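Chemist: Listed below are the residues making up each chain.
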Amino acid sequence: MEKVLTRYIQPDGVPLDARAYEQAGGYQSVPKALKMAPKEVTEIVKQSNLRGRGGAGFPTGMKWTFVPTGPNAPHPKYLCANADEMEPGTFKDRLLLESAPHQLIEGMIVAAYAIEADVAYIFVRGEYVLAIERLQKAVAEAYNAGYLGQNILGSGFSLQMYVHASGGRYMCGEETGLLNALEGKRANPRTKPPFPQVSGLFGKPTIVQNVETLSNLPHILNHGPEWFKGLSKSEDAGTKLYGVSGKVKRPGLWELPMGTTIRELLEEHAGGMQEGLAFRGVLPGGASTDFLTAQHLDVKMDFGGVQKAGSRLGTGTMIVLDDRTCPVGMVRNLEHFFAQESCGWCTPCWSGLSWAEQILTSIEEGRGRPEDLEELEFICKFCAPGNTFCALAPGAVEPLQSALKYFREDFERHILAQHCPWRTH
Amino acid sequence: MTKIFVDGKAYEVKADQSLLQACLSLGLNLPYFCWHPALGSVGACRQCAVKQFRDEKDTRGRLVMSCMTPAADGTRISIEDAEAAAFRKGIIEGLMLNHPHDCPVCDEGGECHLQDMTVMTGHDYRRTRFPKRTFHNQYLGPLINHEMNRCIQCYRCVRYYREYAGGHDFDAFSSRSQVYFGRYQDGVLENEFAGNLVEICPTGVFTDKTLKRHYTRKWDLQFGPSVCVHCGLGCNISAGERYGTLRRIVNRYNGEVNGYFLCDRGRFGYEFVNSAERLKQPLQRQDGKLQPISKARALEALAGLLADPKKVIGIGSPRASLEANYALRALVGADRFYTGLSASAARLTAVALEMLRRGPARTPSLGEIERADAVLILGEDVTNVAPRMALALRQSVRQQPMRKADQLKIPRWLDHPVRELAQDQKGPLYIATPAATRLDDVATETYRAAPDKIARLGYAVAHALDAGAPDVAGLSEAERSLAARIAEALKSAERPLVVSGPSLNSEAILQAAANVARALSAAGRAPSLSLTAPECNTLGVTMIGGGSLADAFQAVKSGSADTVIILENDLYRRASARAVDEFFSSARHIVLLDSVTTPTVQKAELVLPAATFAESDGTLVSSEGRAQRFFEVYPPVGEIQSSWRWLRDIMMAAGRREAAAWQDLDAVVASVSDGIPALAAVAQAAPSASFRLAGAKIPREPHRYSGRTAMLANINVSEPKPPEDSDSSLAFSMEGVFAQPPASLIPFFWSPGWNSIQSVNKFQEEIAGPLRGGDPGVRLLEPSAAEPRAYFTPASEPTSGSAGEWLLVPLYHIFGSEELSRLAPGIAELSPQPYVALNPEDANALGVQEETSVTLSLESVSRTLPVKLMPGLARGLAGLPAGILPIEGSGLPAWSRISRA
Ligand SMILES: Cc1cc2nc3c(=O)[nH]c(=O)nc-3n(C[C@H](O)[C@H](O)[C@H](O)COP(=O)(O)O)c2cc1C
Ligand code: SF4
Ligand code: SF4
Ligand code: SF4
Ligand code: FES
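Chains R and E, in that order, give the protein sequences. Start counting at 1 in the first sequence, then tack on 482, and there's your number in the working numbering. Start counting at 1 in the second sequence, then tack on 152, and there's your number in the working numbering.
Think of the hints as simulated: they come from the structure by calculation, not from any bench. Please read all numbers here as calculations on a predicted model, not as lab measurements. Take the hints with a grain of salt, since some may be wrong.
To be verified - In silico lysine to any residue, SDA-like type, Cα no more than 25 Å apart, as pairs:
1) E:Lys561 x R:Gly552
2) R:Lys674 x E:Val271
3) R:Lys667 x E:Lys241
4) R:Lys521 x R:Phe639
5) E:Lys1020 x E:Leu1037
6) R:Lys674 x E:Arg571
7) E:Lys155 x R:Lys528
8) R:Lys514 x R:Pro493
9) R:Lys667 x E:Gln575
10) E:Lys364 x E:Gln337
11) E:Lys166 x E:Gln916
12) R:Lys863 x E:Ala238
13) R:Lys729 x R:Trp709
14) E:Lys578 x R:Pro675
15) R:Lys863 x E:His251
16) R:Lys667 x E:Gly579
17) R:Lys863 x E:Arg571
18) E:Lys241 x R:Phe639
19) R:Lys863 x E:Val271
20) R:Lys887 x R:Gly868
To be verified - Interface residues of chain E toward chain R, partial, derived using beta-carbon atoms under 10 Å:
21) Cys197
22) Gln199
23) Arg212
24) Val216
25) Ile243
26) Leu249
27) Phe287
28) Ala557
29) Asp558
30) Leu560
31) Lys561
32) Pro569
33) Leu573
34) Gln577
The beta carbon of each residue, even a glycine, is placed where N, CA and C say it ideally should be.
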């Protein structure tokens, strides 16, 4: 398979500097894009069928068309690379940030040009210390090489770029929480509409885009939309960074055609389950997606395929549950995370998730009651999409609601035995 | 108008509002927490969920938050839908998981929005069995209590405090189910409008600490619809009493005046009514000491004193009602009635009144001030002089930025998107004052200078607006271009406003303000001119008319009078001690009617205990020119009675039979309105005492008022008949019908299922609109259609002192500068100690620092005071706190000398 996102990544993971990156074919899309009209760039991205890799899968080119352009558009306009990556089980952007920072910068220049942005931010998870160092270095190199700053390559287009380290909340990855955080405010999400494309950072038109999404852009510009579509095994275009974690033989991250099946990922790339362990289920797209089980192993990991199976592609990084791990304990850990990361804005989320965590903890610790399952189901419905202010809570209850569906007898055993069957003591 | 369908029924509603607001305006019950009519919608609590259907055929529908969804034409929703109702009930359960459920010991109990909404949704059982989170409660000062465990995380407090009121020392901390609302450490809340937290917070987190000291449930309070007496704005208040003490003040909504909010002086200043300084009996000076005497003896003595009426003058008061002032005027005769204002205050108020009568500028209501879209403040520290106006001005700076939201079709009620779009854009608001003000943070530009220079800036603005307006010479380039910028901002606005007033005792400033307004009108704008008034009835007593205090002094000095009747006035607050002492020693008889002990009491020969606002009825004219009636909260005890009743009794005792007609308030009001053409409309300020609501009087007590039969049992076991109120259609009783009284007669807001103050929803024509039947009060001042007066001409030079002299200016304090509220312990605690303020650079030049003792000399007096460094004070000025120190000489501003003590 043709390497796209990972083509510049060296075996030791150390990123190419600007010069080496150029020599390897990098930054070619910048002069190419700058020669086109911004609208043409958008059109190419639209035709490429690129969909957001941050979790929601929104068509990227289409998102850009909502940004007001032309002489009467408000300025400065902003582009934000979402590199917050705090979703448990997700570590794909980290690879791109640490090992191919110039690819991201190149993609951001293309995107910024298309929407006529003046300022770009890379909003990075604060714990990604190495990524932050490497990004800062790469941004400085890009300025030196004339890809950033005033009048880029004599085109008349100017772009300032900053690396911003997040203070560290899951909510900072939600695109409007990110904007508030960048403005120095609490990372609560914002009311939509108006969408950030119209009124975003500092009240100006803004595009927030995932790192992986942006990293695809140079290649789309270089090789064209048809080539990009051809990379995939499914209706969703391009390649995807897929990750597998859990008790498999070779947990890791691979760039594969979009639409690779769960089975192929699990068995061929991750080498199957560790000796003596059996597969029980998988969160296919990160912690905030519904469990799938053995019956879904042939599901294609693309947006439509996973959705049809009752879950979400999310970030494309799966967490595998084995038979020696307690599903209740796993879900409890996840809900502990989500309850803790709730921004505290809307009632179903801040009250529901902490209640769910309390119930799960008591079940796990042998203090469960039969009514608990009903209460957990109530909380799942309580946090359904539309009932909450943002997508955190609906995502947070996805593993819970599906665990209640697929592993119900395990919950019941806990309650009946007043003990976690996976615990030896 | 748009048409919406709620549970299958079609309704016509106003466009541009949320479904929640539309439903509440229709009188439907829909629970909510995070939404507040003055704060708009943010979608946090999710309590207001309803089911929305795409069209007639859609039977599934989906849950939406009614506060976040526009009432667009054709919208179909269901409130009753089972899923929506279950969700709303679930929200309460979610909020209750951590709520302590300590209603019995919670001061909010019985008027708690959380209780009301809980009952409304039908939630009754919490399934959780886990420990609740607990918080540390903070000390927030003497006025507000904090009990964070009751918090439901609705974010109203922080939105109100920071975004609406502009406070900085309060925030939301932490996250998830642990969000903490408070200061970053214990300490007095700095914002002057912090008291509104008590009403904004739908639970018992923020409660009235002054009420706590003499706590009574809302249902056990007896209320009167009243008007705040602590500044000239006339905010409407609802005052509650039990067992003869005033327990608390809450906001009484008036859509055109105070809206939903009061200032802290107004909310917490009431305790002067209960203070030990109250005068309770008639007193007569015997052997140099004031001794209690009976009412009959007092009146007898008075009859004697009034034997020669030609020798009697009356001194009225800007803090007494129209009725009391008018009664005094009737007693002594119009030509022997003096308003009680100092010479300068009298002159300035007269000038202001003439400006507002002649126009072309119109005096705006506070509601209109809030909607002004460009503002120039000349010489007024609004927050400290007319506090509630500052809160209105703080909203006015959002007017222009909000137009951007209109362009993007973001509804104005969608609070956060509007603010996110506007970011820090504000204004225009220009402030010209001698010292920094609490509105500077939202000002476009500020100008710090002496009063004369402030006036000159104003003249220059007028000239920049209209070349026909006289110019001033000698302005710096910077001042000229500032004037040009101000002129441009005012001219390009739709609703420009000039705010000024008498605080700096400068006629030039008032004239400059009038010139700006006149020039705006010449430039084709319809300007508003708001002139502050120092006291609650300054404008009213001026409209009655009469000489100033200086004239009164003259009358005694010249020998044309020797007996003085003083009404609710401490003359030592209006003239120098020397002048007042001299006046008192030359007068033969001093009679005083007042409610509290003041230095003037010590000079009186006869003192009559007057009722405070809480125990009396009357009419006040606010700085807007709005006449508003206040009503008794409870009957005065013992010998205390309304000043007008005392004056009537005195007239009767003196054989003046015409006073016999004044048996009740209406009769006095009629006399005022017949006797003073400018006040002809005051009778319409409220319905007369004969008004009946469904055939009955309006109860001042909630129908759940408890202990009626027992509360006086220690005196007499048979329940006494409730006192009659011949002055109004309100009754000292819980009996009556539940129906909405006319706006000016609403003692308290309550509606079935709505026990909290948020029940005001049920009394408005539409949410945040006028009260049904029109907001209280009647406007007395409209600009005449006649030709506007000519421009005022500036003096050729600003005044200057001699070398080494400092121009001493008054600096106002919301807590401390006003006479009556200072007697409330909480307010007293927050009042400053005497000081003399200097700009740090001036202090440096003088070789003094913060707290250094200096000797301040002006005219013939000198006084030692600590220095207070005040960075915003204009160079060359020194500042003295107003209303805290005795007045020296002819008052401030004055030239003075300062040296190290
Ligand atoms: C709670 C929460 C956390 C999120 N965190 C991230 C993140 O770390 N990185 C990211 O790219 N998107 C994250 N998202 C999705 C973003 O809101 C947004 O959809 C995305 O950045 C858009 O970029 P894309 O279209 O390129 O995917 C998160 C969403 C939610 C609700
Ligand atoms: S669902 Fe609500 S509380 Fe949770 S993170 Fe989003 S806005 Fe915050
Ligand atoms: S303190 Fe009161 S107003 Fe503030 S969030 Fe809590 S309940 Fe709401
Ligand atoms: S602004 Fe004035 S009238 Fe209003 S509450 Fe405050 S002191 Fe009273
Ligand atoms: S009132 Fe609508 S969400 Fe709070």
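Chemist: All the hints need checking, so say for each whether the structure fits it.
Modeler: Verification of the hints:
Simply put, Lys561 (chain E) and Gly552 (chain R) have alpha-carbon atoms about 20 Å apart, close enough for the 25 Å limit, and the pair holds. Simply put, Lys674 (chain R) and Val271 (chain E) have alpha-carbon atoms about 32 Å apart, too far for the 25 Å limit, and the pair is violated. Distance hint between Lys667 (chain R) and Lys241 (chain E) is unfulfilled; the C-alpha atoms sit about 32 Å from each other, more than 25 Å. Using a Cα cut-off of 25 Å, the hinted pair Lys521 (chain R) and Phe639 (chain R) holds, with the two alpha carbons roughly 14 Å apart.
For the hint pairing Lys1020 (chain E) with Leu1037 (chain E), the CA-to-CA distance comes to about 15 Å; that is within 25 Å, so the pair holds. For the hint linking Lys674 (chain R) to Arg571 (chain E), the alpha-carbon distance of about 13 Å falls within 25 Å, and the restraint holds. For the suggested pair Lys155 (chain E) and Lys528 (chain R), the alpha carbons sit about 40 Å apart, so the restraint of at most 25 Å is broken. For the given pair, Lys514 (chain R) sits about 29 Å from Pro493 (chain R) by alpha-carbon distance, which is inconsistent with the 25 Å threshold.
Taken as a hint, the Lys667 (chain R) and Gln575 (chain E) pair is honoured in the structure, with Cα atoms around 12 Å apart against an allowance of 25 Å. Distance hint between Lys364 (chain E) and Gln337 (chain E) is fulfilled; the C-alpha atoms sit about 22 Å from each other, no more than 25 Å. Restraint check for Lys166 (chain E) and Gln916 (chain E): satisfied, since their Cα atoms lie roughly 14 Å apart, inside the 25 Å limit. Between Lys863 (chain R) and Ala238 (chain E), the direct Cα distance comes to roughly 11 Å. Compliance with the 25 Å bound is thereby established for this hinted pair.
Distance check on the hinted pair: Lys729 (chain R) and Trp709 (chain R) sit about 36 Å apart at the alpha-carbon level, beyond 25 Å; violated. The suggested pairing of Lys578 (chain E) with Pro675 (chain R) holds, with an alpha-carbon distance near 23 Å, which does not exceed 25 Å. A hinted pair counts as satisfied when its Cα atoms are at most 25 Å apart, and Lys863 (chain R) with His251 (chain E) qualifies at roughly 22 Å. Note on Lys667 (chain R) and Gly579 (chain E): the hinted pairing holds, with a Cα-Cα distance of about 22 Å set against a maximum of 25 Å.
Note on Lys863 (chain R) and Arg571 (chain E): the hinted pairing is violated, with a Cα-Cα distance of about 32 Å set against a maximum of 25 Å. Restraint check for Lys241 (chain E) and Phe639 (chain R): not satisfied, since their Cα atoms lie roughly 55 Å apart, outside the 25 Å limit. Proximity of Lys863 (chain R) to Val271 (chain E) is assessed by CA-CA distance (about 23 Å); at most 25 Å being required, the pair is judged to hold. As the CA atoms of Lys887 (chain R) and Gly868 (chain R) are separated by approximately 22 Å, the hinted pair is consistent with the 25 Å bound.
A hinted interface residue such as Cys197 (chain E) counts as satisfied when its beta carbon comes closer than 10 Å to some beta carbon of chain R; here the least separation is about 5 Å, so the hint holds. For Gln199 (chain E), the interface hint holds, since its Cβ comes within 10 Å of a Cβ in chain R; the closest pair sits about 7 Å apart. Proximity of Arg212 (chain E) to chain R is violated relative to the hint, the smallest CB-CB distance being about 12 Å (cut-off 10 Å). Interface hint status for Val216 (chain E): upheld, as the beta-carbon distance to the closest one in chain R is roughly 7 Å, under 10 Å.
Hint status for Ile243 (chain E) relative to chain R: holds, with the closest Cβ pair at about 5 Å, below 10 Å. Interface hint at Leu249 (chain E): satisfied, since its Cβ lies 5 Å from the closest Cβ of chain R, which is below the 10 Å cut-off. The closest approach between the C-beta of Phe287 (chain E) and any C-beta of chain R is roughly 13 Å, which is over the 10 Å cut-off, so the hint fails. Interface hint status for Ala557 (chain E): upheld, as the beta-carbon distance to the closest one in chain R is roughly 9 Å, under 10 Å.
Evaluation of the Asp558 (chain E) hint against chain R yields a violated restraint, the C-beta minimum of about 12 Å exceeding 10 Å. This hint holds: Leu560 (chain E) has a C-beta 6 Å from the nearest C-beta of chain R, less than the 10 Å allowed. Among the interface hints, the one on Lys561 (chain E) holds; its C-beta lies about 8 Å from the nearest C-beta in chain R, closer than the 10 Å criterion. Interface restraint check for Pro569 (chain E): the shortest CB-CB distance to chain R comes to about 5 Å, inside 10 Å, so the restraint holds.
At its closest, the beta carbon of Leu573 (chain E) sits 4 Å from a beta carbon of chain R; the interface hint therefore holds under the 10 Å criterion. The closest approach between the C-beta of Gln577 (chain E) and any C-beta of chain R is roughly 8 Å, which is under the 10 Å cut-off, so the hint is satisfied.
Hints 2, 3, 7, 8, 13, 17, 18, 23, 27 and 29 from the earlier list are contradicted by this structure; the remaining hints agree with it.
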